[in-house]
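**Student:** Here is how the chains run, residue by residue.
Protein chains: 2
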Amino acid sequence: MELLKRKIIQEGRVLDGNVLKVDSFLNHQLDIELLNEIGKRFKELFKNKSVTKILTAEVSGIAIAAIAAQYFNVPVVFAKKTESKNLDKEVYEGSAYSYTKEKHYKFMVSKKYISEEDHILIIDDFLANGQSILGLKEIVDKANAHLVGVGIVIEKGFQEGGEMLRAANIDIQSLAIIDSMENNKINFR
Amino acid sequence: MELLKRKIIQEGRVLDGNVLKVDSFLNHQLDIELLNEIGKRFKELFKNKSVTKILTAEVSGIAIAAIAAQYFNVPVVFAKKTESKNLDKEVYEGSAYSYTKEKHYKFMVSKKYISEEDHILIIDDFLANGQSILGLKEIVDKANAHLVGVGIVIEKGFQEGGEMLRAANIDIQSLAIIDSMENNKINFR
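In order, the protein sequence lines correspond to chains Y and D. At position 142 of the first sequence (counting the first as 1) the number is 142 in UniProt numbering, and the numbers step up by one without a gap. At position 32 of the second sequence (counting the first as 1) the number is 32 in UniProt numbering, and the numbers step up by one without a gap.
Hints are computed from structural coordinates only; laboratory data are not their basis. Worth double-checking, as some hints may not be accurate.
[Said to hold, decoys possible] Calculated cross-link-like contacts (lysine to aspartate or glutamate; reagent style EDC-like; alpha-carbon spacing at most 16 Å):
1. Y:85 / D:2
2. D:85 / Y:16
3. Y:112 / D:11
[Claimed, not checked] Examples of chain Y residues toward chain D, derived with CB under 8 Å:
4. 35
5. 58
6. 183
We put the beta carbon where it would ideally sit given N, CA and C, even for glycine.
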């Protein structure tokens, strides 16, 4: 997606530890026009699939999923990472490992909001080692729902997540795949 | 807003401690059609105001603000509650006190994304004691930006936040004001 790649080149900043900072448009300040183009593109990429619900994870996936859901005419469910008294006791849990924070974390979705009739599209901002997507997929699997595919805004193609998930026959569609970002030079696939 | 009130009556659940659970449409599963009607209504309510940016807080405000921003044609900035390496060092901080969690927490917005030229509309899901809104207002004030008003989806009118903020001459627009919710019976103003 050219508009997105241009935005990444213009405004993205590469930090230590292979961090790509895109907080001017994707995960602190939100460029709503760009999010609409992203949503439209996801709809094009999954136009032949039946989708009943979009699943994402708090925090960074929420705005992307909400805007995209308008093109699919379906509700969004976002997985929570922390317990709260607003969350039901009966939840599906998925787990993931954060290499940067060196700890396991979990995703929780109330059993009320995902069922075996659901055809789930997962949407997230980044795909790197694939841990978040595996955690969300675990929830879909536990609910006996059908995983339609995964829409990713930015894939770090030099990390193993994309390859691992594609090898598992998951339909992963990434709008921008970065092959390298050494010395602040971002190269797309 | 009648559609919203109907939804609250149909799907809201009153829990102990004056908690209104609306996770089927507002803060776990998201009813995107309803969020669009909410966004349109905010635009009507603030149609005579110049707005350059919508400010909200993670997590529950994000989807509401992102959908509403489409009607204002402005970007969203969501205040972060936790430090992360994706967040700039230079931030405006606002503080708030959580009565339920009995501790202070803070909101942070990168100084890059709010300036004295900005006319800020704050949007949030709930208004109860007003602490979150005060914390967000503190950020607007520190940036010398102009606070246009505050759009709230559900105000708990039996708590003091709405009265306090209106007494401070802030333009608060709440789409549903609940006057009482004793014995599971929700009464709107």
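**Student:** Are the hints correct? Go through all of them and say.
**Tutor:** So, going through the hints one by one against the coordinates:
{"no.": "1", "hint": "Y:85 / D:2", "result": "violated (27 Å)"}
{"no.": "2", "hint": "D:85 / Y:16", "result": "holds (10 Å)"}
{"no.": "3", "hint": "Y:112 / D:11", "result": "holds (12 Å)"}
{"no.": "4", "hint": "35", "result": "holds (7 Å)"}
{"no.": "5", "hint": "58", "result": "holds (5 Å)"}
{"no.": "6", "hint": "183", "result": "violated (19 Å)"}
In the structure shown, a violation is registered for the earlier hints numbered 1 and 6, in ascending order.
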